[in-house]
Amino acid sequence: MEKSFWKTQMRPVPFLLPFFIAYMLFTIYPIFKGMQMSFFEWTLIEKKEFIGFEQYARLLTDPNFWEAFRNTTMFVIFSTPGMVILALILALLANLNTKMKTLFRGAYFLPSILSVSVISYVAIFMAQPYNGVVNNIIQMFGINVEPFWLNTPSLAWVTIIAVTLWWTVGFNMILFLTALQDIPEDLYEAAEVDGATRMNMFWSITFPQLLPIARVILLLQVLASFKVFGQILLITEGGPGTATRPMIQYIYEMGFERADLGYAAAMSYILFIVLLLLSIVQLRSGGRGGRII
Amino acid sequence: MSQKGQTLLEKKRDPFHFLKVILAFVMALIFLFPIVWMIFVSLKPEEAAAAEPLSWFLPPYTLENFIEIITGSDVFLWTWNSFIVGIMTTIVTLILTSLAAFAISKMHFTYRRFIFIFFLAGLMVPGEAMIIPLFEIVGDMNMLDTYSGLILPMVATPLGVVILKSFFDGVPNELIESAKVDGCSDWRLYWNIVLPLAKPAMAAIGILTFIASWNNFLWPYLAIVSESLYTLPVGIPAFNSAYSDTYVEPMTVNALASIPVIIAFLLFEKQIIKGVSFSGIKG
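Just so you know, the protein sequences line up as chains Y and H, in that order. Mapping the first sequence onto our numbering, position 240 (from 1) lands on 240, and the numbers just tick up by one. Mapping the second sequence onto our numbering, position 229 (from 1) lands on 229, and the numbers just tick up by one.
Because the hints were derived from the structure by calculation, they are not lab data. On a predicted model such as this, the values are computed, not experimentally measured, just so you know. Be a bit skeptical, because a hint or two may be false.
Claimed, not checked - With beta-carbon atoms standing in for the labels, derived distance ranges:
#, chain 1, residue 1, chain 2, residue 2, range
1, Y, A196, H, Y111, 25 to 33 angstroms
2, Y, E146, H, I95, 52 to 60 angstroms
3, H, I95, Y, M10, 16 to 24 angstroms
4, Y, Q9, H, S241, 20 to 28 angstroms
5, Y, W6, H, A121, 23 to 31 angstroms
6, H, Y147, Y, L60, 52 to 60 angstroms
7, Y, Q9, H, Y147, 32 to 40 angstroms
8, H, Y111, Y, E185, 39 to 47 angstroms
9, Y, L60, H, A121, 22 to 30 angstroms
As the list claims (entries may be wrong) - Only part of the chain Y face toward chain H is listed, based on derived beta-carbon distances under 10 angstroms:
#, residue
10, I31
11, S38
12, I85
13, I89
Cβ atoms here follow ideal geometry from the backbone N, Cα and C, with glycine treated the same way.
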């Protein structure tokens, strides 16, 4: 009996161990290592001295940190509605009954598979003043303006958000589209028998049926947008000045350009806690994990 | 299936159907425009830069830019590095996550639920907020600026375990039991029975992992020093930042980097879409 108990307990070990080791080393250990680093003065070359909560005290009074935090939050607030609503509209369009529906789906999704470096440089060159294609098109419609998209803080934000929408909205569109196609057809048939109009059907069937996935998309999107970095670094480098610099870019600059890993680790920890709280909200509301356990 | 009924209804009764199709078409044009523009610019002779938006799309065309970029830059080396890192990340991820998911789904041991929740918790750890300690850890292991340093930290994400576990749960236990009665070992159960049944899920996760690796920017940007290890997302900005007044070279590099991905997308569209919808339901 004793022996077979141990045998049962040991059997899965060779199957679990390889993933377990990678997971401990690269997902779990960094959580503790990051906390340790944030309590030290720690340069790119060496660990220096224990300074307790000093790094955290420092970030509380660092206007650059708060600006980066605000920039990231603004990005989340201004990009998220479009990221969800446009995705829904595109999904409805890609679900129309036409021979071109695969084309529509493919076109809306295609930008998502391109590298952040590619889309950023396409954006930079399209947004240039004088000979950029965006300004040329605006002028083609007879509007005689010459916006400097990347040199004006508000326009730089507009550019970043528009590019991000174009680049990543296809992902959410697919999630909505899958959910749309899962709505049972008899719901519509029953409504039709009852003489419902198309508008009625949308608001009383399609919309409520899509609400659960919309909630998942919303929360996943907020989590993803908080981690914004690549396209901003490449398109505006956080500029003009530091007007569009997000948290991860500031963490990167402090850690690797100023060689101040301890401070960068402390800021990362604040970001980690914000994201962790958001994921807990998500779990609570029955998204992702909640459904699996 | 549901969709068919719904859309039949739509066609019959929707007076705006045609307008909606037009709108969908215009949106498709807008979404494709930057990509098409990029490809046309890469085909233009250097001096042809013009202020007329239409002229970007009109002849003359040339392949000279491609020749110039291929001979004058390391774009093939970056593509090769991205490919190796992507393939290795995908293979290692699939092996590690499927082994773990098999144990959690099909073996009976007392700490099974605990282990699963422990892995599940990892979904809440955002990699981007962990790059500073990860950089130290990988540095301590002397793996910065190596292929392993690019690959291994990326295989430790539990999403694959979670998706595959729920997929393996759908494999009937009677099948497993009867194979066991026939003297089938755990390894053969995993390899010969469960894995073949999970092919669609494995394909979806594999494709998603590969795309994520192919486009990964932040980690390679930190972990690579040598130009000989540059992946595409790191090599392109290093190359393009030298140009600001001419469009042609940067767009040619962009096009060279994107054409293989676009072809792969057209070939595997179904699996890619499936992979995305998987990750949304579970992740």
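Evaluated hints:
no., hint, result
1, Y/A196 to H/Y111: 25 to 33 angstroms, "violated, 53 angstroms"
2, Y/E146 to H/I95: 52 to 60 angstroms, "holds, 55 angstroms"
3, H/I95 to Y/M10: 16 to 24 angstroms, "holds, 21 angstroms"
4, Y/Q9 to H/S241: 20 to 28 angstroms, "violated, 56 angstroms"
5, Y/W6 to H/A121: 23 to 31 angstroms, "holds, 27 angstroms"
6, H/Y147 to Y/L60: 52 to 60 angstroms, "violated, 41 angstroms"
7, Y/Q9 to H/Y147: 32 to 40 angstroms, "holds, 36 angstroms"
8, H/Y111 to Y/E185: 39 to 47 angstroms, "holds, 44 angstroms"
9, Y/L60 to H/A121: 22 to 30 angstroms, "holds, 29 angstroms"
10, I31, "holds, 6 angstroms"
11, S38, "holds, 9 angstroms"
12, I85, "violated, 13 angstroms"
13, I89, "holds, 8 angstroms"
Against the hints set out earlier in the document, violations occur for numbers 1, 4, 6 and 12.
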